[in-house]
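Participant: Listed below, chain by chain, are the residues.
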Amino acid sequence: MSNVTISRRTVLAGSALLLASTALPTIGWAQTPKKGGRLVVAADSEPRNLNPAIVASNGVFFISSKIVETLAEASFDGKDGLDPRLATSWEGAADGLSVTFKLREGVKWHDGKPFTSADVAFSALQIWKPLQNLGRTVFKDLEAVDTPDELTAVFKFAKPTPFQLIRNALPALSSVVPKHIYETGKIDENPANNAPVGTGPFKFVEHKSGEYYRLEKNADYWVKNQPYLDEIIYQVLPDRTSAASALEAEEIQLAAFSAVPLADLDRISKVPGLKVVTKGYEGLTYQLVVEINHRRRELADLKVRQAIVHAIDKDFVVKTVFLGYAATATGPVPKNDPQFYTADVPTYAFDVAKANALLDEAGYNKGDDGKRFSLKLLPAPYFNETKQFGDYLRQALAAIGIDAQLVNNDSAAHIKAVYTDHAFDLAVGPPVFRGDPAISTTILVQSGIPDGVPFSNQGGYKNDELDALIAKASETLDPAARTELYREFQRQVATDLPLINVAEWSFISVIKDTVANVANNPRWAVSNWADTWLET
Amino acid sequence: MSPLRRFLLAPEAIAGAIILVALFAMALTASLFFPGDPQAIAGPALLPPFQDWSLPLGTDRLGRDVLAELFHGARTSLVVGLAAAAAALAVGAIVGTLAGFAGGLVDEVLMRITDAFQTVPSFLLALAFVSVVGPSLGVVVTAIALGAWTGPARVARAEVLSIRERDFVAGARVIGMHPLEIAFREVLPNALPAVLALSSVIVAAAILTEAALSFLGLGDPNRVTWGGMIAEGRAVLRTAPFLSIIPGVALVLTVLGVYLAGEGVVETTAVRRSLS
Chain A
1 MSNVTISRRT VLAGSALLLA STALPTIGWA QTPKKGGRLV VAADSEPRNL
51 NPAIVASNGV FFISSKIVET LAEASFDGKD GLDPRLATSW EGAADGLSVT
101 FKLREGVKWH DGKPFTSADV AFSALQIWKP LQNLGRTVFK DLEAVDTPDE
151 LTAVFKFAKP TPFQLIRNAL PALSSVVPKH IYETGKIDEN PANNAPVGTG
201 PFKFVEHKSG EYYRLEKNAD YWVKNQPYLD EIIYQVLPDR TSAASALEAE
251 EIQLAAFSAV PLADLDRISK VPGLKVVTKG YEGLTYQLVV EINHRRRELA
301 DLKVRQAIVH AIDKDFVVKT VFLGYAATAT GPVPKNDPQF YTADVPTYAF
351 DVAKANALLD EAGYNKGDDG KRFSLKLLPA PYFNETKQFG DYLRQALAAI
401 GIDAQLVNND SAAHIKAVYT DHAFDLAVGP PVFRGDPAIS TTILVQSGIP
451 DGVPFSNQGG YKNDELDALI AKASETLDPA ARTELYREFQ RQVATDLPLI
501 NVAEWSFISV IKDTVANVAN NPRWAVSNWA DTWLET
Chain B
1 MSPLRRFLLA PEAIAGAIIL VALFAMALTA SLFFPGDPQA IAGPALLPPF
51 QDWSLPLGTD RLGRDVLAEL FHGARTSLVV GLAAAAAALA VGAIVGTLAG
101 FAGGLVDEVL MRITDAFQTV PSFLLALAFV SVVGPSLGVV VTAIALGAWT
151 GPARVARAEV LSIRERDFVA GARVIGMHPL EIAFREVLPN ALPAVLALSS
201 VIVAAAILTE AALSFLGLGD PNRVTWGGMI AEGRAVLRTA PFLSIIPGVA
251 LVLTVLGVYL AGEGVVETTA VRRSLS
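Residue numbers (UniProt numbering), protein chains in the order written: chain A, 1 to 536; chain B, 1 to 276.
If you are wondering where the hints come from, they were derived from the structure by calculation, not from laboratory data.
A couple of the hints might just be wrong.
Claimed, not checked - No more than 20 Å apart at the CA atoms, straight line, and that leaves these computed lysine to any residue pairs for SDA-like:
#: 1; chain 1: A; residue 1: Lys140; chain 2: A; residue 2: Ala121
#: 2; chain 1: A; residue 1: Lys319; chain 2: B; residue 2: Gly134
#: 3; chain 1: A; residue 1: Lys387; chain 2: B; residue 2: Asn222
#: 4; chain 1: A; residue 1: Lys387; chain 2: B; residue 2: Ser131
#: 5; chain 1: A; residue 1: Lys224; chain 2: A; residue 2: Lys319
#: 6; chain 1: A; residue 1: Lys387; chain 2: B; residue 2: Gly134
Said to hold, decoys possible - Non-contacting residues of chain A with respect to chain B, defined by C-beta distances greater than 10 Å in every case (computed):
#: 7; residue: Ala118
#: 8; residue: Gln126
#: 9; residue: Asp141
#: 10; residue: Glu231
#: 11; residue: Thr241
#: 12; residue: Asp266
#: 13; residue: Leu406
Quick caveat: nothing in here was measured; it's all calculated off a predicted structure.
Each residue gets a CB set at the ideal place from its N, CA and C atoms; glycine is no exception.
Between the sequences and the hints, there should be enough to build the whole structure, so can you do that?
Facilitator: Structure, rendered in structure tokens:
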């Protein structure tokens with residue numbers, strides 16, 4: 001298994017993982033961290049709910065991961081890609097019906113109460129399983145959490161649940177919140193959702209709407225001498241163009257999540273004192289996907305879908321839309337995933353002539369105006385890049401005689417149009433790959449999902465063979481066999497094209513070079529920053 | 001002095017007219033010079049202006065020809081500006097004439113509706129309308145007209161109130177013409193010049209509103225619009241400022257041209273009316 005992992009890592013564009021694993025120890029002993037200082041960070045949104053146990057999304061983690069910790073964090077070189085946090089070890093039973101977590105000793109909540117297994121049991125059963133956007137799927141068979149002592153939590157599942165899935169889900173899905181604060185009253189109305197209390201290296205101090213969030217050092221943190229920083233300020237800068245100027249004016253020291261537009265990176269990388277960092281997002285890969293409504297007669301025809309893939313110049317998309325800060329995709333698992341990715345899938349070269357031939361073959365001949373048929377194309381509004389790719393796709397489709405009419409919506413209207421009303425033919429979406437296909441990837445092609453579930457298969461696609469494969473993988477306990485099933489899953493998706501994976505991308509940080517210990521894990525922007533420090 | 005000569009003697013009016021003629025020429029020849037889709041990818045992305053003479057104004061982030069987009073954008077701006085203004089003037093003139101001529105309850109009701117529309121900022125109204133109905137050219141035109149018809153309605157009513165007391169109106173009544181016929185065949189034509197004087201302001205405002213809607217992503221995404229071009233260019237403002245500046249300058253010139261030419265026309269006709 002470990003051999004496979006290493007060979008996959010080298011595949012990664014830019015070999016970010018290798019670079020990181022060799023560079024970090026050097027930084028570690030070359031410089032001694034300085035204590036103190038205030039880190040000012042650009043925040044582009046103000047999440048309404050800051051509780052990461054309920055809303056497992058990057059916008060929430062960006063702030064709350066410093067306050068509320070998970071059982072384990074992603075790691076470049078830890079075993080199974082994990083670093084222990086609130087749990088010190090985890091072990092799955094052979095029958096897949098239980099997972100045992102040993103918890104860290106001497107951890108205290110920010111209000112001074114001790115952290116125990118009761119908090120873990122409460123978070124898992126009362127929040128992750130019933131309330132959390134991602135936990136609903138992963139923990140659906142969680143029946144009980146036994147707490148034989150204060151530092152042991154045993155998760156009991158009603159049906160065999162792959163330990164590999166639970167392990168992969170830990171960094172994003174296992175935020176532990178204090179039972180003593182959440183056990184009274186309604187969980188989703190608890191004031192701690194806006195002023196979180198956790199065990200993390202920083203305490204929540206205040207939020208001034210439209211201005212800033214302020215976090216303060218937790219002097220009682222369970223790692224000796226950490227955190228190094230005294231304070232983290234999230235300066236609210238909703239306008240993407242203002243982050244770059246704020247960095248140059250030295251008002252902020254860090255702009256994560258590509259707050260600086262890609263087109264500005266080349267210029268800003270030449271500004272003295274600023275560095276452009278592409279590492280630290282390996283565990284947060286976004287996929288650029290063309291969602292297809294299979295209810296449309298034309299799109300239900302595999303030849304038409306193949307023609308559309310052949311019409312898309314993936315290299316052009318990576319080079320022009322993403323300015324090189326992305327990789328072309330081959331299937332539903334991104335290339336930089338060390339466990340599941342396989343390159344052994346059907347690929348489709350950019351070939352307009354072939355695409356035209358396929359459409360002719362399918363019987364959709366060009367009319368007198370050069371058009372075969374019209375489609376409604378809905379690009380998701382969340383990123384500049386999804387909108388731009390929508391513009392590109394319209395042109396690419398025009399080249400093969402498909403007249404695509406763009407429909408622009410705001411976020412809420414887009415989600416309603418695509419995932420509830422199914423009022424689209426093609427849509428451009430940015431689903432996230434979260435380290436395991438069962439967390440948020442298989443749902444994109446699986447049938448039988450109720451209307452209205454965002455980022456799921458709402459295109460009316462139904463393939464019994466693929467459904468059976470997904471069901472089998474979800475109950476296969478052996479990691480090797482499970483991985484092989486997901487490789488077969490990638491092959492089937494790339495063959496039958498329920499959706500089209502075009503590219504995969506991550507984010508870029510622009511950081512002042514006085515900030516040390518950055519990008520040292522695959523989810524750095526949403527990790528706890530306990531070891532980050534400032535040179536003076 | 002003939003009105004035309006008077007018009008030609010005013011330098012601002014001439015400047016405005018020249019800009020307008022150029023704009024119409026751009027809009028009319030767009031398909032001639034740049035056949036096909038102006039949003040087609042024509043060259044390398046982010047080519048600066050004056051580098052490659054087949055793409056004189058350079059290309060945008062996807063490699064689309066900025067000059068072609070500018071020409072086709074002129075078309076959208078003019079279509080929206082003129083159509084919205086025509087709709088606003090027509091609705092305004094009809095409502096104003098009915099209110100002014102009928103008087104009484106009809107007047108009260110129509111003018112209170114006008115007040116209601118006038119108290120809502122017209123841009124907000126357009127914004128709300130487009131985001132509910134969904135952006136397309138017709139919707140944008142309707143949305144802009146929705147906020148612009150109140151001015152013409154008030155002016156038309158004021159004119160009609162004075163005209164309806166004149167002798168020829170009384171004469172028409174005596175010979176038994178239907179009141180609606182009197183309102184629209186006798187009164188409205190006489191009230192119209194004052195209403196039309198508003199047209200330049202309304203066209204200019206409509207072009208700006210359309211640009212603002214497109215800038216906010218609420219324009220018709222299948223058409224090139226100057227506002228949309230500025231919005232696209234904003235992401236690369238520091239590295240490729242020309243992408244925002246070129247359509248911005250075009251927008252300023254257009255609004256200026258419409259306004260100056262409109263003022264010129266109003267002034268010359270106003271002098272003529274006072275002379276007669």
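Participant: All the hints need checking, so say for each whether the structure fits it.
Facilitator: Quick rundown of the hints versus the structure:
1. A:Lys140 - A:Ala121: OK: A:Lys140 and A:Ala121 at ~15 Å, within 20 Å.
2. A:Lys319 - B:Gly134: Between A:Lys319 and B:Gly134 the Cα gap is close to 32 Å, so the pair fails against 20 Å, i.e. violated.
3. A:Lys387 - B:Asn222: It holds: about 13 Å lies between the C-alpha atoms, which stays within 20 Å.
4. A:Lys387 - B:Ser131: Given that 20 Å is the threshold and the Cα spacing comes to 17 Å, the pair holds.
5. A:Lys224 - A:Lys319: Roughly 45 Å separates the two Cα atoms, so the pair is violated.
6. A:Lys387 - B:Gly134: Within the cut-off at roughly 16 Å; holds.
7. Ala118: The assertion about A:Ala118 holds, with a minimum of 48 Å to chain B.
8. Gln126: holds, 38 Å
9. Asp141: holds, 42 Å
10. Glu231: Nearest chain B Cβ is 30 Å from A:Glu231, so the label holds.
11. Thr241: violated, 6 Å
12. Asp266: Violated, because the least Cβ-Cβ distance between A:Asp266 and chain B comes to about 7 Å, which does not exceed 10 Å.
13. Leu406: violated, 4 Å
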